[in-house]
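**Student:** Below, each chain spelled out in residue letters.
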Amino acid sequence: MHVEGDFHVRSARTLVWAFFRDPATLATCLEDPHEIHATDATHFEGTLTAGVAFIRGTFRLRGSYASETPPNQMQVTLQGSGMGSGVDAALTVSFAEGSEGTGVHWTGEIKMSGTIATVGERLVKGTVDKKVTALFEAARVKLEPA
Amino acid sequence: MAIDAVEVQSAMPNHRSKTIHVTVNGVPRESHVEARTLLVSYLREHLKLTGTHIGCDTGHCGACTVLVDGTPVKSCMFLAVQSDGSEVRSVEGLETGGKLHPVQEGFHKEHGLQCGYCTPGMMMTSVALLAANPNPTEDEIRRGISGNLCRCTGYVNIVKAIQSAAKEMAAAPKGGP
Amino acid sequence: MYPPNFEYYVPSTVEEAVGLLDQHQGDAKILAGGQSLIAMMKLRLAQPAILVDINRIPNLAYVREDDKFLRIGATTRTAELSRSTIVQARYPILSDAGREIADPIVRNRGTVGGNVSHGDPGNDLPACLLAMGAEFEIHGPKGIRTLPARGFYQDTFVTSVATNEMMTEIRVPRPGAGTGSAYSKMERKVGDFATVGVGARVVVDSSGKILNAGIGLTNVGPTAIYATAASDFLAGKTDSDAVLAQAAVLARDASAPSPDNRGPVDFKKDMVRIWTRRTLRKALDRAKGGK
Amino acid sequence: MATAPLGGIGVSVPRKEDARFIRGKGNYVDDVQLPGMLFLDIVRSPYAYAKILAIHKEKTLAVPGVLAVITGKDLEAAKLSWMPTLMSDTQMVLPTDTVMFQGQEVVGVVATDRYAAADGVAAMEIDYEPMTPVIDPFKALDPGAPVLRTDKPGRKDNHIWHWEVGDKDGTAQALKESDVVIKEKIYIPRIHVSSIETCGCVAQVDSMGKLTVWLTTQAPHAIRTVFALVSGLPENQIRIISPDIGGGFGGKVPVYPGYVIAVVAALTTGHPVKFIEDRTGNLTSDSFARDYHIEAEIGATKDGRLTALRVKTLADHGYTDAAANPSKFPAGMFHVITGSYPFKKAFVEVDAVYTNKPPGGIAYRCSFRVTEAVHAIERLIDILAHQLKMDPAEFRLKNFIPPEAFPFPSVLGWTYDSGNYAGALKKAMEIIDYAGLRKEQVEKRKRGELMGIGISSFTEIVGAGPSKDFDILGIKMFDSAEVRIHPTGKVLARFGTKSQGQGHETTYAQILAEELGIPVEGISVEEGDTDTAPYGLGTYASRSTPTAGAAAVIAARKIREKGAKIAAHLLEVSPDDIEWVDHKFQVKGVPGKSKTMADVAFAAYTNHPQGMEAGLEAVDYYDPPNMTYPFGSYIAVVDIDKETGQIKTRRFVAVDDCGTIINPMIVDGQIHGGLTMGFAPSMLEEIQYDADGNNKATSFLEYLLPTAVETPHWETAKTTTPSPHHPIGAKGVGESATVGAPPAFVNAVVDALEPYGVTNIDIPLSSYKIWQAIHSKDPP
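Chains as they are written, first to last, in this note's numbering: chain B, 873 to 1018; chain F, 85 to 261; chain X, 169 to 459; chain C, 96 to 875.
FYI, nobody ran anything at the bench for these hints, they're computed from the structure.
Treat each hint with caution, since some may be false.
Just some of the chain X residues that point at chain C, by a computed CB distance under 10 Å [claimed, not checked]: (1) Tyr170; (2) Pro172; (3) Ala207; (4) Leu211; (5) Ile218; (6) Asp221; (7) Ile312; (8) Gly359; (9) Phe361; (10) Leu418; (11) Gly431; (12) Arg441; (13) Arg446.
Bear in mind the structure is a predicted one, so any value in this text is a computation, not a measurement.
All residues carry an ideal CB built from backbone N, CA and C; glycine is no exception.
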């Protein structure tokens, strides 16, 4: 499924870039229980317990940053596995310098496979979309200067 | 090959298991089961009543249908602990005193079964159907058994079997099975 | 396919059940009919640590009518609903739906409360209750509250019932004179979730004018949908095929189906239109004394 | 023939096997419970195509009750990670580095009970690196497509094989010269048999090292041979027991990875190990049927005489060719596609490809591509009839192979044994009042109502098969019967086949009752135990009656030959003076002077002639001289809801001809079931994959088996045209209806939609497709 969106914050682009570039910081935008840490300069891993209502599971996450052109663009790939399923995301996040801060635009594909895709897609597709939106919204709030 | 023997935990945490009292085919039973034990597993594995079958795992095929207090339920969508205090009747309980239930007779006479796998569940549904509606139309029968899938018969002879049983039960003196 | 372990509690009162839910916030799940939950547990999509089996709470399974409401206890089986003579006589929308939910054996276990509070957009009763302007009685640790069906469904599996609350009664306002209701379900086969389901309620006066109407939609959006514009549009109109067709278009526009094996979005939306028109016609016929 | 008291041929004897099934006393594989038995469950791949980076066993091994975890690497060490398929391709037991389809077996978990095994599966952590799967079989042939079977050295593409038969140039020429040529693309989608019992096994190794496997198999002997070849165990140390089977329909012919893992688990743990597929495993990983992309054209003269047929087909076999076709025919009997018509020229080609899907090309109540062939030809005939503005019934009657042309050599190499196609169609037309329906249709069309009438006049090909052409993995496709008559005149008969609901215990007993003069109650039939039954290739493709049924006749007749000598001895006449009359040995021309088979049997053990072996038994391995060709004509009447696209089958009349009928009640039951399995994929069932290779029908919520409500009320009738080469003229009937029914439905629906200019709709005929066909011309 395709996800896409954007926001604008009154923070400097380098700051915004740094926020997104640090998995630990970015992880603070997740509302679901999680534990995420960097394993090297471009990789991170951890766990995330997520779902919709009572359909919840713990996913093992592995992610990486790639094709970085700081502070313009980065590609974040994420592989999650849990509940007999795989959730694979590849997002391109772009940062545009504006007169009053930074415009953030994200676009990418999220693929679900296994049980979730075959049994639960009807139920989780909307959730995934919402969670991605919520993540970026949380980032926006945190990045907005007080 | 990795064979790591692990001891089975003998003491389950509280509320993960329960002692239940169930009357199965007229026989009172007291059993200790895990809360998650499905009724179908209880019948098949604990009581060795293997006439009730598992077909689809998700409540669509009805092969596991048994009567709980006279009502057909899918025993793979029902916990054994939920049957505590109930009367459960499975296919093994249809024949009484060496006499086949009219539904069993009907299935045999009208060739209402082929591989026999869906048959116990189908017959349990039929028994309840006829108890509620002793003289069903073909449409009522077809709707009544629509929670039970049969892959072999195309349902034609199952309908006939139930009609045959209905006729026999109507002719039989009251107080039969 | 076997469910994971859980702790199992069998409360004998609503208060006890709510206490357990409150104590284990989020980890506990109510087991009513279990016809959706146990399947999800076997697929390991749901892994609640605690199950609170409400089936043994006395006086929670009933269908009765007083001067204001049809009152349905939460653990009433859906099979009972369609068998109830009161329901058949005066709330045919519910007996229609009661004959279409899943299959006859599942209906012996599945409960009205479960069907209504599960929050699955594919469940058939929510659309009916939206159409009928029903309300729900909900018990929580702080007492009882009553919520209207409209606004109750927030998202797929997300309703206004909190994790420490439990629905205890479904109340359908007593229909006045000139009321007719119906539910139609388009399904691929018995046991399927609806391609589309439509619940309709209409009230007509002696001249055949529609006084007010309610239309609920099943499985054409993230939740059951109340087709507000279509329902409002009908108020004050005189029954005609053209009026129903216009209402049907408004209902179609209120739907937001996802594509799946049942068909793509444009097909499903058109089916909302067709079945809304047909269901309205059936409800109107009933309002005018037909069957 | 005084067969009724015997329960012989032609009598609707109630089934002997019912006695246990209606009491819940059947013995299906999951009913086998052995002391110390462990349970195997399987971790499956969420991805259609991915590299396995790491398998973390720790959490699974920590689950209470879990005893062992088995991976592909473990099997590789024992050279068991791959196994052969029945088409001499190779298939993974467990992958060592790459998964090839969503739902593929990846790890086996062995535990003390099923619940613990399921917990172990849920706890398993595997790291994958997903790759872009090849899902579209046409794209699989693109030059740039990733090569999937990198395990095969030197492979440069995903093309498995090309197969063709017929006169390519002659057909092209004949089509060119035809007045009318129509061409249609028809996709026969992937479907799954979904017997209500899934597959499974219990593997046990005894203290002497003998392996016994209770297994849901339609072909126990062939499986034992495969097990011997894979494991290296001597065949006499392997016993396969096929217990009662809860429906097979071809899905229980192959060897599935779970069986091998269970055997390995039993060997390594020393405990019996049970493996029962859950429904999701069944629907995602077992062999699939169909998946043929057919492009076909036929030509005719302007007065409606058929000329030539040309067919080009792409077969999606998934990641391995695991079909169970005779080795000479990789596309099975697809070249029976000339159907009931005497084409002069025909050319058929099939190309098979690999994709990231589970093994395809096996069965759905027809293993050998006859369904695909019948669907194509019966659709094309209808399209052509409409094109020529001829009534489809009239068009068929004009073109059928006439009765006097049999045995008929088809242009693609088959010799049809017998047939009377016009007879069957005329009977169906009469029963359904074809003329009346056409009149009604005209009226309805005037009112804008959509009603359609569809015909299918199919020719089946079953009874594989003659040893000169038919083998599976080199094993010739004979089948067998071993008949022993005990001193008291009771019979024990054993067969190389294996019933899955067809009622062999009854029909074989009836054949023997007829041939031996012993009442059916006195005859016990056993199948499925390789330690006791004679070798045979098993039950699929409607082959049991044509092969093992014939073997029973021949074995019985061998017994009669010996029996005649014993009777002569008892009656003190020369054997030449004995004849078999009224199910007795009788002195020629002296009706009062006779001995029954029971008399003879007693004597065979108590008073046999000096110089003759004692006992009364015989074995026969029957090698059929030809295939048999059952046929029939089906007519469907449908009404379509114009607004919703919903189809209602108002009537369906099936006239079948399967030659001599042994048990009319059972034959009717087979046809009812077969029709339902023709209806199901026509209207409901399909296994679809999304672009990422996710199976979109992993439970019965989405894989739509019809209930009694959707299933039409079948009306059946018969004509009888015996097979000239089968000893009792029987042909086999199990598949006919499944093969014959789908085009009748499609033809009826397309007929109803004629006002919209529709020529074809691929099955399943979902409401959406009908709605689309209507609204592409007439928008809502």
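**Student:** Return the status of the interface hint for X:Gly359: holds when the least beta-carbon distance to chain C is below 10 Å, violated otherwise.
**Tutor:** At about 7 Å, which falls below the 10 Å cut-off, the nearest Cβ of chain C leaves the hint on X:Gly359 intact, so it holds.
**Student:** Verify the interface restraint on X:Pro172: the C-beta must sit less than 10 Å from at least one C-beta of chain C.
**Tutor:** Hint holds; X:Pro172 Cβ to chain C Cβ min 7 Å, cut 10 Å.
**Student:** Does the closest beta carbon of chain C sit nearer than 10 Å to the beta carbon of X:Ala207?
**Tutor:** It holds, given that the least Cβ distance between X:Ala207 and chain C is near 8 Å, below 10 Å.
**Student:** Let's test the interface hint: is any C-beta of chain C closer than 10 Å to that of X:Arg441?
**Tutor:** The hint holds - X:Arg441 has a Cβ within 10 Å of chain C, the shortest such distance being about 7 Å.
**Student:** For the hint on X:Tyr170, does the least C-beta distance to chain C fall short of 10 Å?
**Tutor:** With Cβ-Cβ at 4 Å, under 10 Å, it holds.
**Student:** Take the shortest C-beta to C-beta distance between X:Ile218 and chain C; is it under 10 Å?
**Tutor:** X:Ile218 check fails; min Cβ-Cβ to chain C is 17 Å, beyond 10 Å.
**Student:** Given a cut of 10 Å on the nearest C-beta pair, is the interface hint for X:Leu211 held or broken against chain C?
**Tutor:** Since chain C brings a Cβ to about 8 Å from X:Leu211, closer than 10 Å, the hint holds.
**Student:** Given a cut of 10 Å on the nearest C-beta pair, is the interface hint for X:Gly431 held or broken against chain C?
**Tutor:** Holds: closest Cβ of chain C sits about 4 Å from X:Gly431, inside 10 Å.
**Student:** Do the numbers back the hint for X:Ile312, that is, is its least Cβ distance to chain C under 10 Å?
**Tutor:** Given a least distance of 36 Å, the restraint on X:Ile312 is violated.
**Student:** Do the numbers back the hint for X:Arg446, that is, is its least Cβ distance to chain C under 10 Å?
**Tutor:** OK, holds: X:Arg446 within 10 Å of chain C, min 8 Å.
**Student:** Can the hint on X:Leu418 be confirmed by a CB-to-CB distance to chain C that is less than 10 Å?
**Tutor:** Violated: closest Cβ of chain C sits about 15 Å from X:Leu418, beyond 10 Å.
**Student:** X:Phe361 was flagged as interface toward chain C. Is the shortest Cβ-Cβ separation under 10 Å?
**Tutor:** 8 Å, holds
Going through the hint list in order, the structure does not satisfy hints 5, 6, 7, 10.
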